[in-house]
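Protein chains in written order, with the numbering used here: chain G, 594 to 1098; chain F, 594 to 1098.
Don't read these hints as lab results, they were simulated from the structure.
Because the structure is a prediction, the values reported are computed rather than measured.
Among the hints, a few may not be true.
If chains are identical, the list can't say which one is meant, so a pair holds when it fits in one copy or spans any two.
Said to hold, decoys possible - Listed below are the simulated DSSO-like cross-link pairs for lysine-lysine, each with C-alpha atoms no more than 27 Å apart in a straight line:
no., residue 1, residue 2
1, K655, K703
2, K744, K1077
3, K817, K805
4, K986, K926
5, K598, K703
6, K1072, K984
7, K788, K817
8, K650, K703
9, K984, K721
10, K657, K703
11, K655, K919
12, K788, K1034
2 protein chains.
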Amino acid sequence: MRSSKQFEELRELSSEIQYYNAILSLLHWDQETHMPPGAIASRSHQIAQLSAMIHEKKSGSKFKAALEKLISLSTGQPKAKGLSLTERASLREWRKEYIRATKLPVSFVKTFSQVTSEATQIWATAKKQNNFKLFAPFLEKIVELSREKAKILGFEDHPYDALLEGYEPCMTTHKVSVIFKGLQKELTRLLQKIKAKKQVEDGFLHEKVGDKTQMEIGHDFLAKLPIDMAYTRLDLSAHPFSIAMHPQDSRITTRIIPHSFISNIFSVLHEAGHAMYEMGLPVETWGTPLSEAISLSIHESQSRWWETLIGRSLPFWKSRYPALQKMLPALKKVPLERFHRAINKVSPSLIRVEADEVTYCLHVIVRFEIEQALISGSLQVNDLPAAWNAKMKEYLGVVPPTDTEGVLQDVHWSLGDFGYFPTYALGNLFAAQFFTAFAKKYTDWEQRVAAGDFLFIREWLREKIHRCGRMYNAEELVKKVTGKHLNERAYCSYLKKKYAKIYNF
Amino acid sequence: MRSSKQFEELRELSSEIQYYNAILSLLHWDQETHMPPGAIASRSHQIAQLSAMIHEKKSGSKFKAALEKLISLSTGQPKAKGLSLTERASLREWRKEYIRATKLPVSFVKTFSQVTSEATQIWATAKKQNNFKLFAPFLEKIVELSREKAKILGFEDHPYDALLEGYEPCMTTHKVSVIFKGLQKELTRLLQKIKAKKQVEDGFLHEKVGDKTQMEIGHDFLAKLPIDMAYTRLDLSAHPFSIAMHPQDSRITTRIIPHSFISNIFSVLHEAGHAMYEMGLPVETWGTPLSEAISLSIHESQSRWWETLIGRSLPFWKSRYPALQKMLPALKKVPLERFHRAINKVSPSLIRVEADEVTYCLHVIVRFEIEQALISGSLQVNDLPAAWNAKMKEYLGVVPPTDTEGVLQDVHWSLGDFGYFPTYALGNLFAAQFFTAFAKKYTDWEQRVAAGDFLFIREWLREKIHRCGRMYNAEELVKKVTGKHLNERAYCSYLKKKYAKIYNF
């Protein structure tokens, strides 16, 4: 048998799994957007059953046999001759995944999926009712399962490493801690500088805007992005998210806060960034890791790119502000520059997804440290609200008056996603590094964006990042695109330059 | 091993299949309601893959072995002792299904599913563009596959029997032909009587009503029915349908015709009737045939019950008309009786789903005869529009000016649902027979409905029909509930009595 035929067999098995993953994503999407609330019990069963089946296929003997024909599972050495570079990369990633997948027993995966599916609904109620106690027993169970997961997966240094690896394969708790320490120092210094200055005025951002107008604005901003509307759609959910079933079916959601229309706009830009990444993955390698996203950090670099680097820039609003003023006539008396300063107001606040660019990573660092403590066992779930509030006070100088605005704000823990949060901060660092390379090539990017041209940006991202799939890991990619390793400097210098202008220092 | 433990094992296998069927239903629901149009190719793959997997499980050796422990596949004789009546009924149905399922090879099921999934999209475009030629090659392929299906499934008399059995297990082409002949005679006679009378005026039903108002009306009518809103939802689609994932997740869609708001209302009542049936199936026997609908005809009896027997009755509108007048102020000058006559106007028309109660079954008979001809090979797809138009002229006296309003109007053939249409007419006959028994018990039903009480109706349906699941077949059920076999007399006498009043003869 020629290696290309063996590869094709493996790809077919993998493609089958990918389609089941897509179906699983639809079950989640539906649950968060349109599902009748009483359907939750049956949906939990469906998700648990399908997840277990996918896990069986990923770790099954059929897949193993097909994989072993082409690569040694123990050494990672390719066995077949004549494999192309991209085929070797696929094999490398398949092997890594297979090894990780076979560590978790099917029964564990099923339990994990069932518990978290129910917990997500409970979390939504608990958040609505500001009732942490309602959620606590579910979270306890999830922490317990996550610790068990870390133990099963194995780790050298910290159990948290095993969880982090699931979202950001080239990272360790130690590496992240070092970068976050440097980042925190810089952010705190910048925040002090800003606090000493006169605060910008943003009252006009908090006029009430109705649901209908906000959805119209959301759709308008989405449609003006270089995104193919035949492959996406926008819905409402409790927490904005993006979910891709395929490069040709990549959906986003937003949420509406009546007194913060700008939050909806940034949610749309953010989630559209994720969606464009998925839509830029090469369809022709569907079923292989070459048409999958590298990692959550790189994913987040794409969403933050559109939300912040582009979406909070002056050139972007030069192009989009007139249309917004038309939809919100009250803004007609607010000049562009004042609007731009307002949407970049820096002020330590309670909610991560509403945070400004300077304090955002501090929210993440709070979660990163709490997660480590929960997983290592040094913090108990019952003590979590107190620990949360203490850390918020320490890093941001604010204390949530309710758990709804505090420890209950994010959906992630109900989904069992420990290890996920750090990628939000890392995404900003990757984005800033990519942007440096982009701005070096397109020295006229500000003029072009101000004129409403966004397509060249997507094309650059597509070529440099999207189309690579998992050919490289995150560290390799940033080195390839920018010539430098991951670090916090590009992000910090971007922030310093930008906010010196806005706050006049 | 005790028989109850063996039964539990079988039920678990069956329940797993049911959950996969539910997931498959969600893929279809999403495709028809919210899916981005560009996702169709990947969705077709998902549906084909999942359908094939379900088919494998249904016809697999694991299921067979579990089934054979309890019942003889060749004779249908139960093997285990101590089985309850309901367990015996489940085994009977499981055996029947297994035998049917094992006749079709996996590859055939996969092809059928893939072809029809794509054809459904093509049909929608062809209908929109009045372009039968676009759809014809797909339909040809589907007819060919359906004939192959009939051959594989086997039949004694007519290949159409094999297809009909899939929707209405206790029917044959011959039985249906006999009933339809009698029905057609009676309907034609009644139609002549009506045609001789002065036509009712219904211009006010065709004032333009916007999408938003129509959706509000749809939601209002749905909410006033005895349906639990926690388990259902209403969306828009090209063709109204209902789809159930579980008794606790049973969804409906409607469509909006700007110049026929009443069409939307009747769609909602119709689909809600289907949804209430599914929601009334016993959750406690989930996974067995005892929590499944009997057949399409019985399903249709439930939808037509709410759409016509209740929904087009004077008492119903005594209760609901004031609210409708509030939502559509132009109706304030139209008295209730005039409105009631208008919504019961009899007039041979082009579109089945818009047809009145007298001509509705004639539309079905046209399709029944054409389907037989296509399947037997006496009619070619290319000659279909001409054959359609000729039959419409013969039975209804009208000829569609476009294929959009003619042969392309229904989605069924694109889905490969040959044998489905007759159940629409049979449903009316079953409904009328059930209604006779209902009205005998509740002699005051008109007063109660006029006062806005609908719950007692649903309770009666739930007790007599919904909760039976597949304990009985359709013929047995109608005998049990009404004391009579299926016949067209109850329906014809209901129509004669009703329309004598409306048309004064």
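Hint check results:
no.: 1; hint: K655 with K703; in the structure: both (21 Å within a copy, 21 Å between copies)
no.: 2; hint: K744 with K1077; in the structure: neither (34 Å within a copy, 67 Å between copies)
no.: 3; hint: K817 with K805; in the structure: both (19 Å within a copy, 25 Å between copies)
no.: 4; hint: K986 with K926; in the structure: neither (37 Å within a copy, 66 Å between copies)
no.: 5; hint: K598 with K703; in the structure: between (34 Å within a copy, 23 Å between copies)
no.: 6; hint: K1072 with K984; in the structure: neither (34 Å within a copy, 72 Å between copies)
no.: 7; hint: K788 with K817; in the structure: neither (35 Å within a copy, 57 Å between copies)
no.: 8; hint: K650 with K703; in the structure: both (14 Å within a copy, 20 Å between copies)
no.: 9; hint: K984 with K721; in the structure: within (23 Å within a copy, 60 Å between copies)
no.: 10; hint: K657 with K703; in the structure: both (21 Å within a copy, 26 Å between copies)
no.: 11; hint: K655 with K919; in the structure: neither (59 Å within a copy, 64 Å between copies)
no.: 12; hint: K788 with K1034; in the structure: neither (35 Å within a copy, 78 Å between copies)
When the structure is compared with the earlier hints, violations turn up for hints 2, 4, 6, 7, 11 and 12 and for no others.
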